[in-house]
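Asker: Just so we're aligned: the sequence shown equals residues 1 to 94 in the numbering used here.
Honestly, the hints are just simulated from the structure, not real lab data. Be aware that a few hints might be false.
Unchecked claim - Distance condition first, Cα-Cα at most 27 Å in a straight line; then the derived DSS-like pairs of lysine-lysine:
1. Lys35 x Lys49
2. Lys59 x Lys3
3. Lys93 x Lys82
4. Lys35 x Lys59
5. Lys93 x Lys35
6. Lys59 x Lys49
All figures in this text were calculated on a predicted structure; none of them were measured in a lab.
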Amino acid sequence: MTKRSQGLFAGRTRHLARHHKPSLLSVSERIKSFKDGDMVAIVPKGNFKNIPHPRYRGKIGRVIERRGGAYVVELRIMNSVKRLTVPALHLKKM
Numbered sequence: 001m002t003k004r005s006q007g008l009f010a011g012r013t014r015h016l017a018r019h020h021k022p023s024l025l026s027v028s029e030r031i032k033s034f035k036d037g038d039m040v041a042i043v044p045k046g047n048f049k050n051i052p053h054p055r056y057r058g059k060i061g062r063v064i065e066r067r068g069g070a071y072v073v074e075l076r077i078m079n080s081v082k083r084l085t086v087p088a089l090h091l092k093k094m
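Start from the sequences, fold in the hints, and give me the full structure.
Answerer: Spelled out as structure tokens, the structure:
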């Protein structure tokens with residue numbers, strides 16, 4: 001038997017597939033912006049790179065700052081505080 005590939009999306013593309021929605025994003029989704037303090041949900045889009053780890057899928061956090069084309073989002077998971085740098089197209093305003 002051959003060894004499976006261990007590429008970037010190996011083993012998780014099925015979880016990130018968007019069979020019910022078109023893969024192309026509208027212009028408004030690509031240029032959306034958030035203010036500091038906004039509550040956002042992490043919704044990874046599987047057809048783009050720089051996705052957050054799948055364990056953070058669906059988690060809700062607060063925008064701390066903008067860093068380049070991405071945002072720093074603070075999440076509270078159990079008793080710990082995590083800060084993730086997530087591109088805007090993987091975020092959804094709550």
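Asker: Each of the hints needs a verdict: does it hold here or not?
Answerer: Do the hints match the structure? See the list:
| no. | hint | in the structure |
| --- | --- | --- |
| 1 | Lys35 x Lys49 | holds, 23 Å |
| 2 | Lys59 x Lys3 | violated, 34 Å |
| 3 | Lys93 x Lys82 | holds, 19 Å |
| 4 | Lys35 x Lys59 | holds, 18 Å |
| 5 | Lys93 x Lys35 | holds, 10 Å |
| 6 | Lys59 x Lys49 | holds, 19 Å |
Of the numbered hints stated above, the single one contradicted by the structure is hint 2.
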